[in-house]
Amino acid sequence: MGMTFAEKVLAVKSGNKEVVPGQIVTVKPDHLLTHDNTSAIIGKISDELDKYGVVRDDLSIIVLDHVIPAASEKNAAGHKKIRSFVKEHHLKNFFDVGEGICHQIVYEKGFAKPGSIVLGSDSHTCSYGAVGAFASGIDRTEAASIMLTGETWLKVPPTIKITLKGSLKYPASAKDLILTIIGTISADGAGYKAVEFHGDVSSLSMDERFTIANMGVEMGAKVTVFPVDETAKEFFSSNNISFSQNDAVWADPDAEYERELTFNLDEIKPVVAAPHTVDNLKSIKDVEGTPIDQCFIGTCTNGRLSDIKIAASILKGKKISPDTRLLILPASRKILREAMAKGYIDTLIEAGALLLPPGCGPCLGAHQGALAPGEKCLSTANRNFKGRMGCKEAEIFLASPATVAVSAIYGKITDPGKEAE
Amino acid sequence: MRVWKYGDDINTDMLFPGKYTYTCSTVEEIKPHLLEDLDTEFASNVQKGDFIFAGKNFGCGSSREQPALGLKAVGIRAVVAESFSRIFFRASINQGLLLIESPEAVRSYSAGDEVDVDPVEGKIYVGDKTFSFPKLPPEMLEIIEAGGLLAYTKKKLETRKN
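For the protein sequence lines, the chains are A and B, in the order given. Residue 99 in my numbering sits at position 99 of the first sequence, and the numbers go up by one each step. With the second sequence counted from 1, adding 1000 to any position gets you my numbering.
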């Protein structure tokens, strides 16, 4: 019997010849991601850290990104505590404020490698399935335990196979595809499961794969993974990321799946996830004309260069509506610099956008970009939960960068096809 | 004993708003904001021994552990739901908070029913009905029996050292 991606990785990493769904295995993750929550994590184990130290100085990847620059004395004290911890334990992989959103950093700096296990105290850790890693979110307490022991248990998940056919036709995007998938199988449709993408994957860029994998958790998935093809290899070589082809595991042709679905990319249309759940899928037509107080382009879901490029191409020579505001948040310093060099940032600012530092704050209502009661936000982020952007009486609609950029011109939800025509 | 009844897809932002995640980490800081955007009655009225009953996908969303930490601290006896999201499930085991997946128990509950649970036998009593739920695998029970993951890990490190 063949094995799925998840079964193969967990078998190799647990020293078993084969594993089956439901089996619990002990693994040593290759990397552990933590961010601003590192201060709370190390606070739980301060005595043990003094006594035993960290298990590996290159296990942790620590990125300050959630409330940056610090919004308060309390945040600043948390950041300071983390910097001291990093120095004291000589940790190798620390990225201070301004470097970028943790998931973009793990991906861009090559920490997530094909066939590796990356666990992180952030639910969007699943993003690294874009490069063929087994990546999944955990809680702070578990992160603390892994810092000390280097190991944890994982249950082998059953797998859903999603076959993609054809190619996306602008203005439809990867965001529209993943929102359509989540709307189809529901917010818990992949609960506890691995999701593998098969078929015409090669038509998707790495940026597009990241957007899709990033949102796996919004359908409950444990991991969301793509095969390592020529596009992925090109990404590794152009970013000087070394990896071993032998580690790039993929499912056997006769692997057993719990469910199989097919999506025709040619038929994907621009969509919106309406408040207050990510699976509340609407066609643009259903929500067209909804007035929008704040447009938000960026985040770990859609803050890459190609996303900013689309926004800039739509807004070039135009002004956003006086009835709305537009926030731009590149996912990393590298992306920000590239977007500046290409003139995208200038174009967006000229159109009336406000540039935010590469971080997570607005997305979870922790810092900047908060909403007022009764306001509506059209966002490229990954969650539209009630209260998510700081106010439970506000509404968040999720869409692609193209949809948000076009909507910013009109101050209301607008079909991006309107500009494409 | 009171049962707090909620619907499907109760996410972590409803259980503990994101705006507090980097300012509230201790139990005392967490308690006043528990379920703030879902039920303003909860934080001030919840008592030790109360239950939460909910629909499918309870705890979906963020990896923040304040919901599990907070619900354990205020003395929630068990969260009974049709299903749980995986990160919340792990977080709850790690805090020693009892989760019971029983769609039957949830659907059978009506206001005023007395509820009790026998975690050792894997039984939940709702009104005059009894429902069984599967026991946790030994790996997870060990963590709960140790008093949560940190206590378990500390014990393990101590043993390794000796």
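Please note: incorrect hints may appear among the correct ones.
As the list claims (entries may be wrong) - Listed next, the in silico BS3-like pairs over lysine-lysine satisfying Cα-Cα at most 25 Å (straight line): (1) Lys1072(B) with Lys386(A); (2) Lys1129(B) with Lys1156(B); (3) Lys81(A) with Lys13(A); (4) Lys1005(B) with Lys155(A); (5) Lys8(A) with Lys309(A); (6) Lys13(A) with Lys1156(B); (7) Lys1155(B) with Lys155(A); (8) Lys81(A) with Lys1154(B); (9) Lys1135(B) with Lys44(A).
Hints were generated in silico from the structure; no laboratory data involved.
Cross-check of the supplied hints:
Proximity of Lys1072(B) to Lys386(A) is assessed by CA-CA distance (about 24 Å); at most 25 Å being required, the pair is judged to hold. Restraint check for Lys1129(B) and Lys1156(B): not satisfied, since their Cα atoms lie roughly 41 Å apart, outside the 25 Å limit. A distance of roughly 33 Å separates the Cα atoms of Lys81(A) and Lys13(A); the hinted pair therefore is violated under the 25 Å criterion. Between the alpha carbons of Lys1005(B) and Lys155(A) the distance comes to roughly 29 Å, so the proposed pair goes past 25 Å and is violated.
A distance of roughly 38 Å separates the Cα atoms of Lys8(A) and Lys309(A); the hinted pair therefore is violated under the 25 Å criterion. As the CA atoms of Lys13(A) and Lys1156(B) are separated by approximately 21 Å, the hinted pair is consistent with the 25 Å bound. For a cut-off of 25 Å, the pair hint linking Lys1155(B) to Lys155(A) stands: about 23 Å separates their Cα positions. Distance restraint check for Lys81(A) and Lys1154(B): the Cα-Cα separation of roughly 22 Å lies within the 25 Å cut-off, and the hinted pair is therefore satisfied.
Restraint check for Lys1135(B) and Lys44(A): the C-alpha separation of about 29 Å exceeds 25 Å, so the hint is violated.
Of the hints listed earlier, those the structure fails to meet are numbers 2, 3, 4, 5 and 9, in rising order.
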